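Enquirer: We have chain A; now place chains B, C and D onto it with these hints.
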Amino acid sequence: MKRLVIDPVTRIEGHAKISLFLDDAGKLADAKFHVTEFRGFEAFCVGRPLWEMPSLTGRTCGICPVSHVLAAAKAGDEILAVKLPETALKLRRLMNLGQLIQSHALSFFHLSSPDFLLGFDSDPAKRNVFGLMDVEPELARRGIRLRKFGQDIIAKLGGQKIHPAWAVPGGVRQGLSEEHRLELLEALPEAQETTFLALELFKTLLDKFPEEVASFGNFPSLFLGLVTPEGLWEHHDGLIRVVDETGALVADKLEPADYLDYIGEASHNHSYLKSPYYRPNVAEGEAITPESAGLYRVGPLARLNICNRIGTPLADKELTEFRERFGRVALSSFQYHYARLIEILACTEAVALHLQDPKITDTRVRAQAGINVLRGVGVSEAPRGTLFHDYHVDENGLITKVNMIIATGQNNLAMNRTVKQIAQTFIKGPDIAEGILNRIEAGARAFDPCLSCSTHAIGQMPMQVELFSAQGELLKRLERN
Amino acid sequence: MPINLNINEQNLKAQEGETLLTVARREGIPLPTLCFLEGLSVAGSCRLCLVEVEGSSKLQPACALKVTEGLSVKTATERLKRYRKMIVELLFAEGNHVCAVCVSNGNCELQDLAVQMGVDHIRFSYQFPERKVDLSHPLFGFDANRCVLCTRCVRACDEIEGAHTWDVAGRGQSAHIISDMAQPWGSATSCTSCSKCVAVCPVGALFGKGVSVAEMKHQPAVVDFLASARREQNWHKKEEQ
Amino acid sequence: MIKSHSDLEIISLEEKQNTAQYRHRVMCCNSTACLSAGAHGVREAFEASIKREGLEPQVQVVPVGCMGLCSQGPLVAVKSRLPNQETGGKTETLYHSVNPELAETICQEHLANGKAVEAQVLSPELPFFARQQRIVLANAGEINPERIEDYIARGGYQALLQALSTMTPLEVVESIEQSGLRGRGGGGYPTGKKWRMLHEAQAESKYVVANGDEGDPGAYMDRTIMEDDPHRIIEGMTIAAYATGAQQGYLYVRAEYPVAVRRLETAIRQAKRQGLLGNKILDKDFGFSLEVRIGAGAFVCGEETALLASIEGKRGQPVLRPPYPTQRGLWQSPTMINNVETFANISSIIQKGADWFRSIGTDSSKGSKVFALAGKLNHTGLIEVPLGITLRDIVEDMGGGVAKGRNLKAVQTGGPSGGCIPEAYLDTAIDYESLQHLGSIMGSGGFIVMDNDDSMVDIAKFFMEFCRDESCGKCLPCRAGTVQMYQLLDKISKSQASLDDLARLEDLCDMVKHTSLCGLGQTAPNPVLSTLQYFRQEYLDLMTDSPPQVADKAINYEALGEG
Amino acid sequence: MSRIKLATVWLGGCAGCHMSFLDLDEWLFELAKVAELVFSPIADAKVFPEGVDVALVEGAVANEDNLELIKKVRERSKWVISFGDCAVTGNVTALRNPLGDPTPMLKRIYLAANVVTEGVPSEKGIVPALLPRVMPVHEVIKVDAFLTGCPPSAARIQAALEPLVKGELPKLEGEHIRFGQGA
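Protein chains in written order, with my numbering: chain A, 3 to 483; chain B, -12 to 228; chain C, 1292 to 1854; chain D, 4 to 186.
Here chain A stands alone, though its shape is the one from the complex (with noise of 0.2 Å):
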């Protein structure tokens, strides 16, 4: 047996490395996704007050803080026990929708499409987000301008574009200006049309990649995320949804406090990523692998597969459309970046009607209340998936336990299947070439996996590949340039 690691894992947000085990007779044997970072939050929130817990855990990560931030504050809505005011909920929809316009924009044009543009085999030193300048300028500055769109709904609201302290519990520090609603309106067609145009791109280049379509991530699993109360597209509230490979519900209105009933962690000793698993599907003691029956993905792909519909016409055209290629449930993880892209749409749409929306400028944005609930929990859509955080305060609100369960992690299992089949698809023997290499990554790449904040507990990712005997034996550590 050999063993290959991809180290770094490269254009991804976080510290990961792969295994590629090959027998040997050259043939992939398994594959394997490791996070290696680990930061620990969960142990240091410990003894801080629950208000400064929005802005630290918002810490977690630098490319979806928002998230965080909007998970820890309705933890604490729940630990105050308040309603929020109605302007304060509206904001927080907003700035989400920011931070899911700016993550995919950044995933799709500054991570991504370099593979698609200049092609998976193409040179690694050009193959990122200043080669694609170089060569698409008109579509970089788009890209760029799409993702700035994003972070600037983010900064128009809570001050600055990274870690912003803005949604507290019990609301959020400030209102949206009238100056600023106009400014972001005004940006706002331009951001649409550019969502447009990388549809209508990535359309055009699903019929180039047959075989990565095909074997990036796909296989039959379950799905998860939240859904409004009327089954719709949802990224802040609502309630949880399971859905089978056929699209058939296998829960539904499961209260997001109770995550504990539904999700089980499994940890393994070549990741500091733990590994969530659908409970109900695996038996007490079983071990969790990749093939676990407990596998379920999270973020885009499974957003779209779960809700009836979107709720938003340009949306829901295009999901429309979507469901008639791919059918009800789309199986290939190289679609999350085609439904990261109706997202975006999706998101547009719902910054407009937020804009629109006469109370979105009111001031009272924010309810006063003390510790009334020694627990809460929060959970949000962030880009990559359902993020839960779960709080324990004592009575004066200073934390005393902290879990939390970040989207990525939730396809840990699905992205350690997915390195592995497309592995299995493209090593055809022991020389394996660069863009093969790629491509493996480019697997991970398609779930935009975000180690930084996963490994909360645990932290980042890039790829290496390292070739072991059949004794386990390092013979060489492959890097490609």
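Be careful, since some hints might not be right.
Once the Cα atoms are required to be at most 30 Å apart in a straight line, the calculated DSBU-like pairs of lysine-lysine come out as [to be verified]:
1) C:LYS1307 <-> C:LYS1575
2) B:LYS53 <-> C:LYS1484
3) B:LYS119 <-> D:LYS110
4) D:LYS8 <-> A:LYS128
5) B:LYS119 <-> A:LYS403
6) C:LYS1484 <-> B:LYS45
7) A:LYS128 <-> D:LYS36
8) A:LYS158 <-> B:LYS204
9) A:LYS158 <-> B:LYS196
What the hints contain is simulated information worked out from the structure, not anything from laboratory work. No experiment lies behind these values; they were computed from the predicted model shown.
Expert: What follows is chains B, C and D alone, placed relative to chain A:
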């Protein structure tokens, strides 16, 4: 009787009995301070306002130095700047000052001092002490991680409010602020919940309960107002007169 | 109640007669060093065998204070009424390393038959003894410190009587000024000047305070004086009170000195009973009361203002000066603080005169000083020497040279605030200025001799650790600076430091020295600075190009593998 | 005019500084004219190359991999810039330090009652062991300049990059050096 003195080669007049700091502030001569607060007694413990006095080998704290006829001082020599910068760095190194997630981020005197001194990193090794947060008081919180031991809270509580809830326990690197006999603040029976300690804290150590990161704005001038109002028996705020 | 000279004389005579009944007076050292070497058992052995031999009517066994040569204890001195042939005509014989068996032998041969046990006798010619000039320790090892009569028999309280009956307060102050006595706590401030300030201060109440908070590691000069001759301090303080107009005094003693506390309290009780303290002292229109205050063992409480805070029941930490204690001290009243050794000089100066005192010492530093010899010497212990004696005289002559034939490297004086003086400067005559000039200080009298096996970096580290632990934490430079300096010294001593670290250490020394609030911080860098001045190469030899990081080694997971 | 070789490195941190770097938005086009990105989490080089002119290092040194990489970065770069508060002060990444040895924390997280577990992750050569104490970058290697902030704003990053691409070390001062903030 006005007297003559010289600060940084500039001839000035002042009143007998004034401190150098008072004179310097009136004349717009910058002098960093941390433990000093108008309205409270002088502690002289932060050592940031030390100045060079002509004819003396010892540096003197401007907050306590009474001006005398012919006094000649320098307030911003290279040596003083070097010392002050080190003092600020040592303050950062001895506590757990994580500005990014502090309630006083952006409204913090320690942070301001770092900016003034040009501190862009700490050359000394961080101590990472294990310290606790006390949220037992219904209205306020105390995070010892951020305490710089300026003792403004101790003095405001003792001298202005008269409660003496706060004091210092332990010594050296273990010195720390305690309420009553090292009981949780919430069970300190001497505390009148007057909030003066919170008002005078230069950093994020004392804060209103329920404030989140970067929300805490202190009001240290309150003790000066109270002290002078009592002295002058005039309780109208100056701007309202 | 003692009211006059004749009252004192009567007590003195009675005491002398009492002693004269005996042929031999066996003086067993009862000080801490000898007690820890078994002195208690020695005394019991003497008492038992004297009883057995039936010598009780002829021999008196007395517990006495420190005789100095602590490295050879337990010490026992036998004083005989008449010089006798068998002991070579001597009236006094000093035995070293006495154990219960030897006590029995001494009893049988010397006490019963007048024949000294020569093998265990220390010669009084030994430079360790011969070169001493005992003023403050004059009674140590001679009297039973728990009996006021013993003190009076050796001229005690004569000076007080003399001052009260023949001198005005101002004359006393002037006499102290003329004597040239300087503060023995370490600072060397002219004592008379301080007395005059308090004398001149206008206030309803004034205080005198004796600082017995001896805190230097290894120092026990003050403890010895307090334990062995408590009345000498009380007499000195009472004279000071008379001279300055104070009505109340405090003896501030650290809690780690329970014997000193007990003896001082006993002595105060005795003095009160005899009318030597309280109202109408010696029947004069002068009153003075004295109390012992126990410090909780913080080094910083040796600092004047911190000591006063502690006496007031406050947290023992320094406050800004000015105002100085003589302007505003205890409870806002003028207060004068002298070290106990300083007070112990007073009665002799009054009795023998300022000129006598001035005749001892150097131009700038008069009188004698007690040093605690320690380290790599053949003879260690407590000595009192005239100022102006050279370091070499103390090391080579009195200390008997460096032990085990090794080479002397340096002498550390002044404790944690002092410095290391290399061999090359050994011929320096000791006074306040000359030691300061060499980068050290007199301090309270620590005197540690180091040989070539001693690491200067370790010495600096040891004292820095002490200062770090003893910093009160009030001012930032001392509180945080000592922590960082200690860590850097530790890194250097483990060969993990770079030249950058050394530069950082020197920067810190400079900053802490010049910015700290009180003497503790201001002098904390001294051991580092003086070792860097004379032994820089030793630091450089420990430098490394690529310092391993403190956290260079990852944690070991082996133990964590299994669920 | 030849372009400088620019690298960005990500150690123990949240990626916020890198995100802020991307918030340079269209100025990135200007940057691309004068700098070539030769190593970065957003590019595909797997090995830190030789001859780097400027390396921006985000994050604190928290584990064995970080330690190995930062030493390589120092050897192969002319200038190393601590990029953001985690690199400069340890910041949030170092919040675990006051808790002491991380072992109990690892056990609590990976051996928790409700976790199906293979033990604390520890596969040799794959999962880097944690260092007992998280360190700011300048405690491990020599650092040439410091860029504070959590994260430093795009404007602050630009203010540092402008001199760097001209071959000068930045001299940031005033509000540009405030810890914890990005202004």
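Enquirer: Does LYS128 (chain A) sit within 30 Å of LYS8 (chain D), going by the straight-line distance between their CA atoms?
Expert: holds, 14 Å
Enquirer: Is LYS158 (chain A) within 30 Å of LYS196 (chain B), Cα to Cα?
Expert: holds, 27 Å
Enquirer: CA of LYS53 (chain B) to CA of LYS1484 (chain C), is that 30 Å or under?
Expert: Since the Cα atoms of LYS53 (chain B) and LYS1484 (chain C) sit roughly 24 Å apart, the hinted pair holds (cutoff 30 Å).
Enquirer: Please work out if LYS119 (chain B) and LYS110 (chain D) have their alpha carbons no farther apart than 30 Å.
Expert: holds, 23 Å
Enquirer: Given the proposed pairing of LYS128 (chain A) with LYS36 (chain D), does the C-alpha separation stay at or below 30 Å?
Expert: Holds, at about 14 Å.
Enquirer: Is LYS158 (chain A) close enough to LYS204 (chain B), meaning Cα to Cα at most 30 Å?
Expert: holds, 22 Å
Enquirer: Tell me if the straight-line CA distance from LYS1307 (chain C) to LYS1575 (chain C) falls inside 30 Å.
Expert: holds, 27 Å
Enquirer: Between LYS119 (chain B) and LYS403 (chain A), is the straight-line Cα distance small enough, at 30 Å or below?
Expert: holds, 16 Å
Enquirer: When you check the alpha-carbon spacing of LYS1484 (chain C) and LYS45 (chain B), does it fall within 30 Å?
Expert: holds, 21 Å
The structure agrees with every numbered hint stated previously.
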